[in-house]
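Chemist: Sequence:
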Amino acid sequence: MVLPAGSTISGYVIEDILGSGGMGTVYRARHPVLPRFDALKVLSSELSRDEHFRARFDREAELAATLDHPNIVTVYNRGEADGQVWIAMQYVAGSDAERELAGGRMTPQRAVHITSEVAKALDYAHRRNLLHRDVKPANFLLATDDERIFLADFGIARALDDAVNLTQTGTVMATIAYAAPETLAGEPADHRADIYSLGCSLYRMLTGTSPFSASGGMAAVAAAHLMAPPPRPTDVVATLPAAMDNVIAKAMAKEPAHRYQSAGDLARAAAAALDETTAEVRVTPAPAPGPRQPWGPENSPPHWSGPHPGTGPYPPRPGWSTGPTPATGWPTGAAPAAFSPRPTPAPRRRRTALAAAALAVLVAGGGVGTWMFTREDTPAYTAQTVAHEHGEATLSAPPNAIVTAGPGDGDAVLSLGMQPAAIVTSPGGLPSWEKDLITGNTQILTSADPAQIAAANPDLIIDTGQIDAAAYRSLAEVATTITRAPNADEWTWQTQLKWVGRILDRNDQAQQLIDDAAQAQAKLRTEHPVFDGKSIEVVFVTDDGITVATPRSPAAQYLQGLGFRYLDKPAITAAADGSDTASIPDPEQLNTIPTDVRIVARTDATAGGGSYNGLPAPFTKYRGTTIIVDDTAAIAALQVPGYAANNYLNTALVNALSRQIR
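Note that our numbering has the sequence shown beginning at 341, numbered continuously upward.
Any given hint could turn out to be false.
Unchecked claim - Below, simulated DMTMM-like cross-link-like pairs (lysine to aspartate or glutamate); rule was C-alpha separation at most 25 Å, straight line:
id, residue 1, residue 2
1, Lys-961, Asp-856
2, Lys-863, Asp-575
3, Lys-909, Asp-829
4, Lys-838, Asp-808
5, Lys-874, Asp-829
6, Lys-838, Glu-867
7, Lys-863, Asp-884
8, Lys-590, Glu-830
9, Lys-775, Asp-799
10, Lys-909, Glu-830
Stated by the list, open to error - What follows is a list of derived Cβ distance ranges for each label pair:
id, residue 1, residue 2, range
11, Tyr-962, Thr-820, 46 to 56 Å
12, Gly-918, Val-576, 36 to 46 Å
13, Gln-783, Ala-421, 36 to 46 Å
14, Gln-852, Ala-741, 18 to 28 Å
15, Asn-827, Thr-722, 16 to 26 Å
16, Glu-355, Gly-954, 47 to 57 Å
The hints are simulated quantities; they were obtained by calculation from the structure and are not laboratory data.
Ideal placement from N, C-alpha and C gives every residue a C-beta, glycine not left out.
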């Protein structure tokens, strides 16, 4: 029974219906206490009485509640009323990729950007042994101007260790147009089934048609997924780059081992393929009108919170390499120790035999097992002796347990595709953009205490911070320790990455990342000509006082890369003695030589919501453009630079700058 407007369920007041489907109905509902609307998903009375479906619904809430990622909708609460169970989720009116496609508003650039954001959500879930199993454009929710993109409806996601018990009915809970062959054939499925579906979704967003959408109905579509070669998007849209055919072919390979091994690998390849095109913007034509399935619990309407600049961990990266990528996820890294090999895929001839049985009922059950990331293309390690600031170290084999102890060392090692055994960070913990690079059991340490580091059983310690001889000796007693390169007068994140790349015998990879970062900044500078030549400064406000970033600071270097002119104030910075910041005893000093733009990075107790609350009066007297940043991850990226840090700023900070600078 559909609840009428004005009725209540567990205190929620129903406003209107967002959609309905086989499992129940989704409502826009007023929160019982807070002044907001939530999306309330209510299971039908019939299914609420069904033990299997109720277990599925309860499991959805439990799994979704464990997911904390800027590209995944948040679950607020769940409960039961009058025999019906419900889940309350974020809600804000918006659109989705399917609707944008139908409206003729999908460009290849937008399709690849959406794919990149969805890939982040998938890789996050996959690292937690969760599958989505219904990846499709209708579940890609878009906030205004695509400032936030969500993967919605983890309603059929399953913890790998629970999947067999929860699929006893033998029903594949996925949309046939995007279903992986192994799912349709009843073979074991893992994260690569989601990657196949993401490839199908990218194909649809690029071409306006679903893969294998010829006549013959669902049975023909399922048969094509099992037997037909992947379709070529250039056959539908001739102006797409030929490289995109290769991307789709690999994403939709019949055998999981032949696909991209992470959603991020697919996203990077698509971005690199798109770079072969011209700057011309091509809009995918709207598909022919046809019946549209109504919104429902398994085809959710938009229900997310509004744009939150700077919450995404990684922006799309222009200039991604099209070369071989390690099969270790996005970002790449060593396999989590808890993962075990999944069963070997069935040979193609067995799949052919299974196809007939599968098509007899249209779909077959898909039991899910655990999997292991592999790395088949890692080159052999070259033995070397490395001279560093405090001595030298001989490395005859690749390190298996690295502890990164200096600022930015963790970013460098993770960006180069390795998983540290432990990372030493500040007491505030790892920033989100670094935390999401971790795919294994990396320990997080809040000090470089030798006893704590020893507990991680390292075979190599990297500390490129400014440590003294005594600190080096204490670390060297634990394990082989390499410090900063000798005679490194200009120590930038690029210098650091190349140094760590040399230690790990990943010189080419380090240079590629540096080149990628330079291309990304050059592109941002071209896209935002308003930045060029404007004077700017960065002021840090903490509970301990106020400081300003000096022209030699990482923050200044990053902003100059975007085209800004970082204004020096010798009267203030002369006392900095070569450090990255200078103390500001009197904030009025900042206004004596005004800049066009001022970034106020706040971590003080009164910070929050981008407000001026608690700031001294001179900040309100300033007549230039003020950008208040209280996103701790962005502030950490400004202070401790690195490849991943820059990627985060390219979205989190640049979005804020572009909205306010004219």
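Chemist: State for each hint whether it applies.
Modeler: The hints, checked one at a time:
no. : hint                          : in the structure
1   : Lys-961 - Asp-856             : violated, 40 Å
2   : Lys-863 - Asp-575             : violated, 30 Å
3   : Lys-909 - Asp-829             : holds, 23 Å
4   : Lys-838 - Asp-808             : holds, 22 Å
5   : Lys-874 - Asp-829             : violated, 29 Å
6   : Lys-838 - Glu-867             : violated, 28 Å
7   : Lys-863 - Asp-884             : violated, 37 Å
8   : Lys-590 - Glu-830             : violated, 42 Å
9   : Lys-775 - Asp-799             : holds, 22 Å
10  : Lys-909 - Glu-830             : holds, 21 Å
11  : Tyr-962 - Thr-820: 46 to 56 Å : holds, 51 Å
12  : Gly-918 - Val-576: 36 to 46 Å : violated, 59 Å
13  : Gln-783 - Ala-421: 36 to 46 Å : holds, 44 Å
14  : Gln-852 - Ala-741: 18 to 28 Å : holds, 25 Å
15  : Asn-827 - Thr-722: 16 to 26 Å : holds, 23 Å
16  : Glu-355 - Gly-954: 47 to 57 Å : violated, 37 Å
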